[in-house]
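K.L.:
Spelled out from the first residue to the last, the chains are:
Protein chains: 2
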Amino acid sequence: MHCVKCGEKAAINMRQHKLALCPHHFLDWIPEQVERSIKRYHMFTKEERLLLAVSGGKDSLSLWDILLHLGYTVDGLYIELGIDGGIDYSARSLEYARVFAQEHNLNLLVQDIRHEYGETIPELTARTHRGRYKPCSVCGLTKRHVMNQIAVTNGYTVLLTGHNLDDEAAILFGNTLSWVGSYIVRQGPVLEADRTGLGRKVKPLCRLYEREMAAYALLRGIAYMEDECPFAVGSTSIYYKELLNKLESDRSGAKLSFYLSFLQAKRNGLFSDKVDDRAEQIHPCPKCEQPTSAPGLCAFCRMFANPDEQSQSLQLEP
Amino acid sequence: MHCVKCGEKAAINMRQHKLALCPHHFLDWIPEQVERSIKRYHMFTKEERLLLAVSGGKDSLSLWDILLHLGYTVDGLYIELGIDGGIDYSARSLEYARVFAQEHNLNLLVQDIRHEYGETIPELTARTHRGRYKPCSVCGLTKRHVMNQIAVTNGYTVLLTGHNLDDEAAILFGNTLSWVGSYIVRQGPVLEADRTGLGRKVKPLCRLYEREMAAYALLRGIAYMEDECPFAVGSTSIYYKELLNKLESDRSGAKLSFYLSFLQAKRNGLFSDKVDDRAEQIHPCPKCEQPTSAPGLCAFCRMFANPDEQSQSLQLEP
Numbered sequence: 001m002h003c004v005k006c007g008e009k010a011a012i013n014m015r016q017h018k019l020a021l022c023p024h025h026f027l028d029w030i031p032e033q034v035e036r037s038i039k040r041y042h043m044f045t046k047e048e049r050l051l052l053a054v055s056g057g058k059d060s061l062s063l064w065d066i067l068l069h070l071g072y073t074v075d076g077l078y079i080e081l082g083i084d085g086g087i088d089y090s091a092r093s094l095e096y097a098r099v100f101a102q103e104h105n106l107n108l109l110v111q112d113i114r115h116e117y118g119e120t121i122p123e124l125t126a127r128t129h130r131g132r133y134k135p136c137s138v139c140g141l142t143k144r145h146v147m148n149q150i151a152v153t154n155g156y157t158v159l160l161t162g163h164n165l166d167d168e169a170a171i172l173f174g175n176t177l178s179w180v181g182s183y184i185v186r187q188g189p190v191l192e193a194d195r196t197g198l199g200r201k202v203k204p205l206c207r208l209y210e211r212e213m214a215a216y217a218l219l220r221g222i223a224y225m226e227d228e229c230p231f232a233v234g235s236t237s238i239y240y241k242e243l244l245n246k247l248e249s250d251r252s253g254a255k256l257s258f259y260l261s262f263l264q265a266k267r268n269g270l271f272s273d274k275v276d277d278r279a280e281q282i283h284p285c286p287k288c289e290q291p292t293s294a295p296g297l298c299a300f301c302r303m304f305a306n307p308d309e310q311s312q313s314l315q316l317e318p
Numbered sequence: 001m002h003c004v005k006c007g008e009k010a011a012i013n014m015r016q017h018k019l020a021l022c023p024h025h026f027l028d029w030i031p032e033q034v035e036r037s038i039k040r041y042h043m044f045t046k047e048e049r050l051l052l053a054v055s056g057g058k059d060s061l062s063l064w065d066i067l068l069h070l071g072y073t074v075d076g077l078y079i080e081l082g083i084d085g086g087i088d089y090s091a092r093s094l095e096y097a098r099v100f101a102q103e104h105n106l107n108l109l110v111q112d113i114r115h116e117y118g119e120t121i122p123e124l125t126a127r128t129h130r131g132r133y134k135p136c137s138v139c140g141l142t143k144r145h146v147m148n149q150i151a152v153t154n155g156y157t158v159l160l161t162g163h164n165l166d167d168e169a170a171i172l173f174g175n176t177l178s179w180v181g182s183y184i185v186r187q188g189p190v191l192e193a194d195r196t197g198l199g200r201k202v203k204p205l206c207r208l209y210e211r212e213m214a215a216y217a218l219l220r221g222i223a224y225m226e227d228e229c230p231f232a233v234g235s236t237s238i239y240y241k242e243l244l245n246k247l248e249s250d251r252s253g254a255k256l257s258f259y260l261s262f263l264q265a266k267r268n269g270l271f272s273d274k275v276d277d278r279a280e281q282i283h284p285c286p287k288c289e290q291p292t293s294a295p296g297l298c299a300f301c302r303m304f305a306n307p308d309e310q311s312q313s314l315q316l317e318p
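Chains as they are written, first to last, in my numbering: chain H, 1 to 318; chain P, 1 to 318.
Be a bit skeptical, because a hint or two may be false.
Copies of the same chain look alike in the list, so a pair counts if it fits in one copy or across any two.
Cross-link-like lysine-lysine pairs, in silico, DSBU-like; alpha carbons within 35 Å at most [what the hints assert, rightly or not]:
id : residue 1 : residue 2
1  : Lys287    : Lys18
2  : Lys274    : Lys9
3  : Lys134    : Lys46
4  : Lys18     : Lys134
5  : Lys246    : Lys46
6  : Lys5      : Lys39
7  : Lys46     : Lys18
Hints were generated in silico from the structure; no laboratory data involved. All figures in this text were calculated on a predicted structure; none of them were measured in a lab.
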């Protein structure tokens with residue numbers, strides 16, 4: 001397999017694009033694709049204050065690298081979730097993010113949720129009803145809340161995340177299997193700041209496959225946390241990714257087509273305008289002031305409202 | 001595993017319903033479910049003239065059997081497609097349909113497409129552009145056209161098909177993977193006769209799994225064509241069924257939930273009313289008078305409009 005641009009030995013073959021590229025041309029191609037997404041979906045300009053959620057993994061560190069290459073100024077935000085899982089997960093992930101930031105002379109904000117809210121993700125998982133059997137639900141809620149809060153209170157106009165196409169397709173697939181209308185209609189490369197207290201969120205990697213991001217990190221020599229989160233093993237999102245990978249291996253481009261045809265159908269008016277009219281019932285949480293559709297406190301603040309709530313297993317102890 | 005109703009040895013365990021039943025109670029349960037679907041989706045009454053599309057397979061023959069059991073009067077329609085495939089497919093399928101009709105003293109209409117239109121499905125597949133690599137496309141178009149034409153011209157108010165949940169879920173899955181809005185919004189247990197020349201179509205088995213229909217046919221001793229259509233091997237619809245079966249085996253009820261939550265989302269107004277406004281551009285085909293959105297002849301009549309069209313392989317011959 002040879003690079004279609006120069007004939008050198010190809011480093012990667014992207015069957016969905018019928019495109020094989022050598023390392024050199026692949027490392028040009030990826031930032032071009034990201035720039036195209038930024039422009040196509042009107043994500044942000046070089047004049048805006050940008051905050052990137054950095055996990056220490058390949059996607060977010062590669063995205064930071066790409067954005068620098070493209071001439072954007074971006075600060076990073078690492079959320080210290082306090083996950084050990086026998087592999088010192090959070091501490092090691094933070095270290096990868098720190099090293100990258102230092103080497104590139106970048107600002108990295110670190111928010112430690114134990115310090116800020118008194119509990120780590122494993123502790124919240126053990127204590128709360130939401131957490132029972134579902135650490136990913138507690139973690140997702142926490143990250144969304146903290147990312148938004150830091151972005152808004154620090155005057156960033158756009159929050160960037162490293163979600164790649166595999167992430168986006170798996171989320172869409174899950175929401176479509178159960179036809180959760182309000183989630184389906186809001187999915188996309190850009191989530192507008194259309195509610196008071198809510199920042200703008202964008203996903204510049206939404207058209208790039210996970211394997212492309214892994215190849216980019218490898219070829220750029222970016223050191224990143226390779227272990228999956230120990231809590232994510234057996235999660236629904238990983239299951240859907242595997243199913244979509246099966247589909248992709250049988251029909252090249254199936255994942256990309258699933259996501260892009262969804263965006264096209266949305267632009268073509270497939271969905272009713274009424275689905276997302278929850279906005280009318282949205283109000284600011286009395287505690288944190290982030291928008292919520294729940295009566296009273298938002299789901300995040302409710303998680304901390306009753307600190308004496310114990311997990312079922314603890315309650316059963318004599 | 002024991003029957004939840006009488007404690008006898010169960011013949012089938014339906015994990016998605018947490019329901020195990022013995023043969024006796026299963027054979028009661030299936031018609032009850034069909035009757036519930038007929039009522040729930042307002043499919044038809046006992047006073048209407050009903051025509052059932054019969055393929056000779058387990059679904060359509062079992063549905064005929066169930067409808068008799070429930071006291072409906074239903075005529076059958078067999079479409080002779082002229083498929084041999086080395087296993088005498090169409091002729092044997094017709095024989096199963098004929099035997100069932102004779103044994104139960106039922107009317108079976110037979111429409112032979114070679115006799116009526118001059119060509120079999122394999123011949124149409126070989127000759128037409130649509131047919132190239134896609135016999136299922138030619139066959140589906142033909143069956144839809146012929147079923148509708150026979151139902152409308154013979155004064156049947158409702159056309160019934162034996163589509164089961166696996167069929168419906170696979171169709172929905174395919175349409176969702178490519179987000180074909182106009183197909184998605186029209187899918188459901190009932191397709192209304194909302195256009196001149198179009199009969200009402202209903203699918204009374206839409207909530208029943210394929211394995212349940214196979215069990216019903218077996219336990220009722222219904223002789224049916226067990227071979228798949230030789231053209232369907234490797235087809236997209238079978239591929240999607242396999243993928244959904246993988247999902248179902250990992251998560252019981254996933255198929256049913258996918259289909260029912262879609263119907264619920266549709267009722268809840270997820271889709272825009274505008275998607276299906278093709279109706280405005282619909283006109284009767286100048287030849288067959290069935291509704292079409294194509295300019296000029298409908299797709300079916302177009303297939304016969306140019307009988308000199310040759311398949312690519314024939315054209316390439318010296």
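K.L.:
Work down the list of hints and note, for each, if the structure agrees.
P.N.:
To see whether the hints hold, each was checked on the structure:
no. : hint              : verdict
1   : Lys287 with Lys18 : neither (52 Å within a copy, 43 Å between copies)
2   : Lys274 with Lys9  : neither (52 Å within a copy, 50 Å between copies)
3   : Lys134 with Lys46 : neither (39 Å within a copy, 50 Å between copies)
4   : Lys18 with Lys134 : between (39 Å within a copy, 23 Å between copies)
5   : Lys246 with Lys46 : neither (39 Å within a copy, 46 Å between copies)
6   : Lys5 with Lys39   : within (24 Å within a copy, 63 Å between copies)
7   : Lys46 with Lys18  : within (32 Å within a copy, 57 Å between copies)
Checked against the numbered hints given earlier, this structure breaks hints 1, 2, 3 and 5; the rest are met.
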